[in-house]
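Asks: These are the residues of each chain, in order.
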Amino acid sequence: MGLGRGDGGWLALVMAVTVGGCYAGVDQFDPDGGAGADGDDDGDVAEQCREVQTGPTSLRRLTQSQYERTVEDLLGISTDVAQGFAPDERAGAFKSNGVAPVGDLQVEQYMDAAESVATDAASDLASLLPCDPATAGEDACAEQWLRELAPRAYRHPVGEADIARLMAVYSTAKADADFETGIRVTLQGILQSPWFLYHVELGDLSAPAADGEPIALSGYELASRLSYFLWDTMPDPALFDAAAAGELETDEGLQAQVERMLVDPRAKDAIASFHLQWLGVDEIEGLEKTGSLFPNFDTDLALAMKADTASFAHWVLSEGDGRLETLLTGAFTLSEDPALLALYGVERPAGHVSGEPIPLPSDERAGLVTQPSVMAMHAHADQTSPVHRGQLVRENLLCQLLPPPPVDVDNVPPDPDPNATTRERFSEHTANPACEPCHRLIDGLGFGFEHYDALGAYISMEGSLPIDASGEVIGTSDVDGEFTGAVELAGKLSQSVEVSDCMARQWFRYSLGRMDAEGDTCTMDRLSEVFAESGQDVRVLIREIVVSDAFRYRLATEQSP
Amino acid sequence: MISKKKNPRVSRRALLGSMGAAGVLAPFIPMLQRETEAAPGDFPLRIIFLFSANGTLHENWVPSGSENDFTLSEILTPLAPYQDQMIVLDGLEVVREGPGDGHQMGMGLLWTGSRLLEGTEFEGGGDSGTAGWGGGISVDQHIAAAVGNDNPYSSLEFGVQTQGASVWSRMCYAGSNQPIAPEDDPAGMFNRLFADFDVDASELERLKGQRQSVIDLVKDDLDSLMVHHGSADDRLKIDAHLEAIRSIEQRNQAEQPVCEIPVEPGEMDAGANDNFPSISERQTQLMAMSLACDMTRVASMQWSASVSNRRFTWLGIEEGHHDLSHRGDSDPVMVDNITAINVWYAEQVKELMDALAGISEGDGSVLDNTLLVWGNELSRGNSHGNHPVPFVLLGGAGGRLEMGRYLQYDRVPHNRLLVSLCHAMGLTEQQTFGDIDVGSGGLPGLT
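Sequence lines, in order, name chains A and W. Take any residue in the first sequence, count from 1 to its spot, add 20: that is its number in this note's numbering. Take any residue in the second sequence, count from 1 to its spot, add 71: that is its number in this note's numbering.
Watch out, some of these pointers could steer you wrong.
[To be verified] Listed below are the simulated SDA-like cross-link pairs for lysine to any residue, each with C-alpha atoms no more than 25 Å apart in a straight line:
no., chain 1, residue 1, chain 2, residue 2
1, A, 309, W, 236
2, W, 279, A, 188
3, A, 309, W, 338
4, A, 309, W, 319
5, W, 290, A, 179
6, A, 512, A, 487
7, W, 290, A, 172
8, A, 194, W, 319
9, A, 288, A, 314
The hints are simulated quantities; they were obtained by calculation from the structure and are not laboratory data.
The task is simple: from the sequences and hints, build the whole structure.
Replies: Following this line, the structure appears as structure tokens:
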């Protein structure tokens with residue numbers, strides 16, 4: 021039985037690296053270890069996976085970017101108001117706000133933001149309202165506006181009682197001041213409603229399910245899942261229409277939406293979000309480097325790095341072949357930023373058409389993991405960091421978990437040798453018996469990136485010493501072995517089933533804003549299989565995710581007494 | 072750096088008319104009521120929780136001498152002017168059990184004394200390889216629930232670059248799985264505390280009325296959601312949101328505290344490394360003012376987070392704090408810089424004490440009626456140790472504790488200290504704190 025495919029490997033992987041200290045080796049763990057829905061008999065697996073299964077679904081709040089994009093789509097107002105919110109909580113690598121409840125601070129921030137946005141919106145009533153209060157009548161116009169706005173803001177149909185409640189808020193505020201105030205205060209209320217702030221996914225309440233049983237999401241809930249997954253914002257009218265027409269109840273209907281949505285410009289934002297968060301570079305604009313060593317590094321360059329990663333991934337998924345191998349090995353950039361191209365050591369070729377890839381030296385660059393964004397983010401302010409880079413590959417590309425460093429053992433590193441390279445200094449990790457088991461897992465990968473300095477520029481020498489970028493992959497199911505340099509490492513990773521399965525898992529987590537769980541075993545197996553059969557085409561993976569049980573169902577929970 | 076500006080701000084304040092902005096906080100003008108004569112004990116007792124990261128260097132932290140006659144070592148020397156309002160606690164252990172790595176547990180257990188939850192959200196922890204959020208209420212929130220209900224805020228959490236929402240960066244918990252986010256931006260905190268102060272009475276009345284109708288609407292919506300959400304986790308979320316709305320409602324309905332408002336802190340990138348000292352200073356001044364105005368009785372100041380890699384460039388230190396803390400014991404770069412960083416933190420604690428001491432209250436000052444507790448998630452950075460974790464108690468504590476002492480313990484669980492803090496704040500029935508507390512009672516010898 022292979023690792024991580026068809027065997028509930030998500031838990032087995034954890035065991036592989038944590039049982040018995042740091043690394044127990046792939047041949048020492050039970051491949052069936054603990055994952056629920058599997059067995060030795062493949063027939064049982066197939067049988068079990070015929071029933072609808074999914075993991076636990078929790079009530080998530082909009083992320084900062086979702087809040088801002090939703091406000092923009094809802095009201096036509098561009099805002100950065102959510103940047104002042106308390107930071108988003110992540111599930112694994114991905115922002116999702118799915119576990120911790122809000123506190124006083126966040127709810128005050130929502131109030132503040134709502135007042136700010138509503139004041140802005142109400143300052144231009146002609147743009148905000150679908151009618152002219154002077155001719156339609158103020159109250160009639162307000163009601164027409166609410167009947168159009170509320171279902172979009174709440175992302176599901178709104179009943180008469182809800183309209184009446186909103187109209188009451190409007191009337192009170194209007195009576196207190198004027199029409200504009202009535203509109204503004206009502207909008208403040210809408211923007212603070214949990215129906216706006218949360219991804220409310222109750223399931224189809226007309227077909228109640230027993231506690232713990234899967235319950236199908238409603239068409240509107242699926243429309244929202246689709247739009248926040250593929251656009252990072254609220255559904256558009258076509259998606260709402262599809263929900264209303266029941267078109268999202270079928271595989272064909274869902275996949276037709278995916279086809280439409282992936283070619284929409286908004287898809288670029290979501291594809292960018294996935295890759296930036298997966299690689300840990302989504303907040304690179306806050307990155308700082310030692311000025312005396314890297315005088316050219318500034319926010320603009322950091323943003324160019326970020327845009328490089330976003331546009332590269334989007335190009336592969338929209339113009340390119342969509343394959344994981346290309347993401348991990350493609351030696352080109354879509355960036356036309358002069359400072360970033362200089363960092364790459366290339367110039368825009370003569371006759372280059374804007375928007376076309378610019379080739380990079382194929383012996384220096386290989387896809388996402390050698391991009392300056394990734395290399396600069398996973399480095400220190402003044403030097404490289406084999407540990408951070410190795411950890412990124414181990415955790416985010418291989419989906420393996422590393423145990424914590426030992427506590428209170430003699431793991432204190434020796435004095436530094438000023439004449440040593442970074443690599444030589446970090447090699448002390450593996451000379452120390454307490455550190456060796458884990459750091460071999462990390463550093464063996466991380467040393468492969470030594471050609472990329474703390475900004476991600478390709479270097480051959482560190483001071484007067486030549487770079488040694490040889491490394492060794494251990495603890496994987498299919499790509500163990502020695503290598504030299506990140507280009508070779510990326511090539512190995514691009515051929516790994518373990519990396520392929522990990523990519524499927526990461527997209528799954530991103531799509532639902534939660535970690536995969538025991539109830540998702542069948543879904544994960546199916547995703548791994550389809551992704552592999554497609555030659556690791558991410559677009560196929562995305563289509564498969566949206567028709568999966570986990571995407572279309574939630575677990576019913578008992579109604580409150 | 073992208074500026075974390077709140078907004079094209081047409082926010083609350085714009086609704087109310089501009090207050091103007093100045094770059095620095097003006098000196099405080101003490102509260103009117105505090106000037107009146109009063110007997111000791113008439114003033115509120117407050118407690119402040121302080122955190123700095125990555126352990127210390129015990130040899131440069133621990134005093135020498137005896138309980139009542141001791142000499143401060145280098146790291147605590149900035150606090151020498153307050154030596155008679157100080158108790159140095161050496162030898163306390165933060166007992167670690169359950170999921171999580173050293174930093175995660177050190178942070179999540181510091182004020183909760185409870186195991187982290189099992190969870191898959193945070194990598195890097197324990198036998199399972201992952202950990203969840205903290206698994207119990209933190210002592211500040213426990214105290215706040217008892218003493219803070221009549222104040223506008225039952226507690227206020229101030230942060231300085233506390234970095235993301237994760238188990239590494241949260242120390243205050245309203246309960247199991249309920250981390251409390253601090254406000255890292257002084258401008259945001261100012262807005263929260265003082266934005267409505269300058270509004271004329273009739274306008275404020277109207278604003279409050281508008282807010283009330285919105286609050287009613289939101290409460291209705293939350294109630295309707297609750298009907299459909301059966302899972303315990305979801306109900307907790309809706310409940311927490313309802314509770315927050317209710318406390319906003321309470322503030323909306325209450326009279327404003329009688330208080331001089333400080334000058335608004337100017338806009339500043341609250342996330343930029345080199346702004347760390349300025350942000351700290353602004354938060355310190357705002358915290359002192361919020362206590363002087365009796366807006367809360369319980370506050371916390373979290374400087375960065377566990378595993379903090381702030382670069383103390385203002386001390387001439389370019390290497391990150393966490394990276395430095397992992398260097399070897401015989402490495403002078405580590406010893407000098409980690410000492411300097413901890414000295415700097417002691418100076419920040421002194422700044423806060425100075426601010427509190429500068430606000431008179433009866434014959435004394437706010438500091439006389441405040442207990443400060445300063446902790447850390449580790450004993451030492453390069454060992455990730457949990458013993459001895461450096462704890463210092465500071466302030467007059469309203470006379471509840473005999474200050475000016477150096478107490479030595481031998482691996483006593485810090486749960487005893489958490490219980491003692493409850494006692495000092497009037498929760499005298501408290502015998503244990505946290506789910507890993509196997510002992511009972513307060514810290515021996517403290518009271």
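Asks: Now tell me if each hint is right for this structure.
Replies: Hint check:
Restraint check: the Cα-Cα separation between residue 309/A and residue 236/W comes to about 23 Å, which is no more than 25 Å; the hinted pair holds. The hinted pair formed by residue 279/W and residue 188/A meets the criterion: a straight-line CA distance of about 17 Å does not exceed 25 Å. Restraint check for residue 309/A and residue 338/W: the C-alpha separation of about 23 Å stays at or below 25 Å, so the hint holds. At most 25 Å may separate the alpha-carbon atoms for a hinted pair to count; residue 309/A and residue 319/W exceed this at roughly 41 Å.
The suggested pairing of residue 290/W with residue 179/A holds, with an alpha-carbon distance near 17 Å, which does not exceed 25 Å. Distance check on the hinted pair: residue 512/A and residue 487/A sit about 21 Å apart at the alpha-carbon level, within 25 Å; holds. A distance of roughly 20 Å separates the Cα atoms of residue 290/W and residue 172/A; the hinted pair therefore holds under the 25 Å criterion. Of the supplied pair hints, the one linking residue 194/A and residue 319/W holds, its CA atoms being roughly 23 Å apart against a limit of 25 Å.
In summary, the hint linking residue 288/A to residue 314/A is not supported, as the alpha carbons are separated by about 31 Å, beyond the 25 Å threshold.
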